[in-house]
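Novice: Chain by chain, the residues:
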Amino acid sequence: MQVNRHFYLGLAERGVRMPIGADLVLHEEPDPEAVRRDGLSLGRVIERAARRWNTPLALPLMDLRLEKYDLLALASIPEHEAEAYQFSAPLDEQTMTALCDVSATSYCAGSLARNQAIAHIASVPGLLPVGMVIGPFSLATRLMRDPITAVALTGMGGDEQQSPEIQLLLQCLRASEAAVLRSIRAQVKHGASAIVVCEPAACTAFFSPRQLKAGSNSFERFVMGPNQRIRAALELASCDLIFHDCGELIDSMVADFAERLHPVILSLGSSRKLWDDARLVPADVVLFGNLPSKSFYSDAAMPIETLANLTRELIDNMQACGHPHIVGSECDVLFVPEAQHAIRAKVDAMMSCATHAGNAPQQALAGTAQP
Amino acid sequence: MAVSSELYEAILTGDARTAHAATQAAIDSGIGPMELITGSMVPAMNEVGRLYEAEEYFVPELLLAGRAMKSAMELLRPLIAAAGLKLSNRIIIGTVKGDLHDIGKNIVASMLEGSGFEVIDLGADVPPEKFVAAVQEREPHVVCMSSLLTVTMPVMRTTIQALESAGVRHKVKVLIGGAPVTQQYADEIGADGYGDNASLAVSAVKKLCAVA
Numbered sequence: 003m004q005v006n007r008h009f010y011l012g013l014a015e016r017g018v019r020m021p022i023g024a025d026l027v028l029h030e031e032p033d034p035e036a037v038r039r040d041g042l043s044l045g046r047v048i049e050r051a052a053r054r055w056n057t058p059l060a061l062p063l064m065d066l067r068l069e070k071y072d073l074l075a076l077a078s079i080p081e082h083e084a085e086a087y088q089f090s091a092p093l094d095e096q097t098m099t100a101l102c103d104v105s106a107t108s109y110c111a112g113s114l115a116r117n118q119a120i121a122h123i124a125s126v127p128g129l130l131p132v133g134m135v136i137g138p139f140s141l142a143t144r145l146m147r148d149p150i151t152a153v154a155l156t157g158m159g160g161d162e163q164q165s166p167e168i169q170l171l172l173q174c175l176r177a178s179e180a181a182v183l184r185s186i187r188a189q190v191k192h193g194a195s196a197i198v199v200c201e202p203a204a205c206t207a208f209f210s211p212r213q214l215k216a217g218s219n220s221f222e223r224f225v226m227g228p229n230q231r232i233r234a235a236l237e238l239a240s241c242d243l244i245f246h247d248c249g250e251l252i253d254s255m256v257a258d259f260a261e262r263l264h265p266v267i268l269s270l271g272s273s274r275k276l277w278d279d280a281r282l283v284p285a286d287v288v289l290f291g292n293l294p295s296k297s298f299y300s301d302a303a304m305p306i307e308t309l310a311n312l313t314r315e316l317i318d319n320m321q322a323c324g325h326p327h328i329v330g331s332e333c334d335v336l337f338v339p340e341a342q343h344a345i346r347a348k349v350d351a352m353m354s355c356a357t358h359a360g361n362a363p364q365q366a367l368a369g370t371a372q373p
Numbered sequence: 276m277a278v279s280s281e282l283y284e285a286i287l288t289g290d291a292r293t294a295h296a297a298t299q300a301a302i303d304s305g306i307g308p309m310e311l312i313t314g315s316m317v318p319a320m321n322e323v324g325r326l327y328e329a330e331e332y333f334v335p336e337l338l339l340a341g342r343a344m345k346s347a348m349e350l351l352r353p354l355i356a357a358a359g360l361k362l363s364n365r366i367i368i369g370t371v372k373g374d375l376h377d378i379g380k381n382i383v384a385s386m387l388e389g390s391g392f393e394v395i396d397l398g399a400d401v402p403p404e405k406f407v408a409a410v411q412e413r414e415p416h417v418v419c420m421s422s423l424l425t426v427t428m429p430v431m432r433t434t435i436q437a438l439e440s441a442g443v444r445h446k447v448k449v450l451i452g453g454a455p456v457t458q459q460y461a462d463e464i465g466a467d468g469y470g471d472n473a474s475l476a477v478s479a480v481k482k483l484c485a486v487a
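These protein sequence lines are chains A and B, in that order.
Residue numbers 3 to 373, in our numbering, belong to the letters of the first sequence in order.
Residue numbers 276 to 487, in our numbering, belong to the letters of the second sequence in order.
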């Protein structure tokens with residue numbers, strides 16, 4: 003069921019802070035890998051993560067491998083080979099038909115567990131069941147050996163008739179879009195009220211600002227087109243779009259995501275200054291992030307006091323610009339065995355540090371933020 | 276002035292087809308392979324690196340330039356081997372075990388090759404023992420390791436320890452890079468160098484080989 007934008011704006015107004023932190027909680031389990039494949043146990047982990055950080059947003063694991071597993075299974079590629087598997091030449095008609103089968107219903111163990119976990123969260127009062135998918139372009143880039151070159155050749159004016167790389171990219175993109183739609187459909191069926199679409203590859207590493215400035219339509223063709231269709235499917239299913247892209251972006255990319263995809267939440271990486279981006283983002287789109295969680299592991303690269311200062315700076319600047327904002331991590335905060343204490347301390351600092359204006363984080367939201 | 280201005284321009288603009296044709300034309304006119312590498316390809320890749328540092332070029336331009344350079348090298352490599360010539364220094368490169376992200380590593384490999392190094396690319400998800408075996412067999416001057424994930428970074432330390440255990444650590448310099456990697460981390464795990472981006476990684480390798 004689609005939740006009113008006011009719900010998300012309300013969270014921002016109440017000063018919610020939260021990491022994307024289910025992976026940290028998962029690794030408190032004696033056998034995290036078993037929990038990944040057990041829907042009820044995984045659901046309880048996600049529930050515990052939401053409770054720990056006092057948020058009604060029950061964000062699942064950001065496991066961006068699942069749609070690739072599900073997709074490649076349709077081409078009879080087993081899960082243990084799927085992660086490293088890449089297509090190296092244009093696909094034949096038979097493979098494309100199998101990959102693009104929108105009615106396929108087979109899912110890997112991780113996807114099944116994620117879906118069951120969503121169903122569990124949907125039964126828990128006070129929590130919003132949130133699903134997660136990799137974006138179609140990002141999935142396409144994982145299916146082929148050299149996606150950047152294919153995008154760049156398109157940016158130079160190449161087309162699929164001249165270039166097998168471009169032909170393969172377009173095929174992978176078509177298959178990826180079908181896989182993402184299948185995944186969304188399954189998650190919505192299990193009760194997801196919102197879906198996080200993660201498109202980290204939609205960034206300047208893949209799309210040269212130089213080519214875009216010269217008039218290339220590659221970003222439109224490979225990112226915006228597919229994601230607008232994903233957005234339309236979500237709308238049809240009355241499911242909210244949360245859009246996440248922690249890659250390096252230029253302003254026009256941020257504006258396209260914010261205005262044309264018009265998500266309820268836009269989550270960006272730490273390379274962006276959110277208070278500057280506020281001018282690119284409609285007032286009813288909550289900005290999320292964007293503390294540098296990729297550096298949390300290192301006390302040398304990211305001392306705890308630096309993180310506290312960054313948190314204060316972010317909150318103060320967002321309050322000053324008046325744009326709705328949820329303080330969060332720039333991406334999922336991953337468990338790193340040798341750095342677990344450093345990472346947890348950074349998350350605690352992000353959650354607890356007071357701002358220069360003296361504002362402490364809002365506490366005990368779960369009871370008051372019934373979606 | 277480049278030995279072959281056409282090859283230089285083709286690499287600079289990432290035009291693989293023209294680079295291939297220009298290389299063939301240069302060979303046909305009697306220009307030697309090492310002369311082409313040092314006189315056209317290395318200056319072109321240096322310029323690509325400069326434009327990247329100046330934020331006029333981005334990752335896609337680096338890859339296209341690397342691709343153009345590779346298409347030229349395809350023609351030159353057999354000539355180099357036939358003449359018994361050697362490229363300047365040998366580099367082994369790979370993404371560490373558990374990490375399948377190879378884009379950054381591929382860019383660095385291309386730029387190193389374009390800078391005249393002999394590059395042995397071990398690929399992605401490379402276990403420490405494979406790095407050790409490659410060092411023992413190929414005797415490189417530098418080992419480059421890449422990791423994009425915080426969870427796979429510790430494998431860089433493990434790999435350095437494996438090089439130590441195998442008694443070959445003192446024979447090679449180790450350079451690390453990747454999105455979450457920092458100079459502090461390089462110092463912490465005992466790496467000899469760190470590249471914040473592809474261009475700086477190449478500069479660091481040159482420094483380590485003392486050919487800068």
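Honestly, the hints are just simulated from the structure, not real lab data.
Hints may contain errors.
What the hints assert, rightly or not - Simulated coverage check for chain A against chain B, where a stretch passes if three residues somewhere in it have a Cβ under 8 Å from a Cβ of chain B: (1) 96-106; (2) 196-209.
Stated by the list, open to error - Listed next, the stretches of chain A that the computed footprint assigns to chain B, with coverage defined by at least 3 CB atoms under 8 Å from CB atoms of chain B: (3) 66-79; (4) 300-311; (5) 335-344.
Ideal placement from N, C-alpha and C gives every residue a C-beta, glycine not left out.
Novice: Would you mind marking each hint as holding or not holding in the structure?
Specialist: Hint check results:
For the region 96-106 of chain A, the assignment as covered by chain B is violated, since 0 residues bring a beta-carbon within under 8 Å of that chain's beta-carbons and 3 are needed. With 4 residues having a Cβ less than 8 Å from any Cβ of chain B, the region 196-209 of chain A passes the three-residue criterion, so the hint holds. Here the region 66-79 of chain A counts 0 residues with a CB under 8 Å from a CB of chain B, which misses the bar of 3, and the coverage is violated. Interface restraint, the region 300-311 of chain A with chain B: holds (3 residues with C-beta to C-beta distance below 8 Å; minimum three).
For the region 335-344 of chain A, the stated coverage by chain B holds: 6 residues have a C-beta nearer than 8 Å to a C-beta of that chain, and at least 3 were required.
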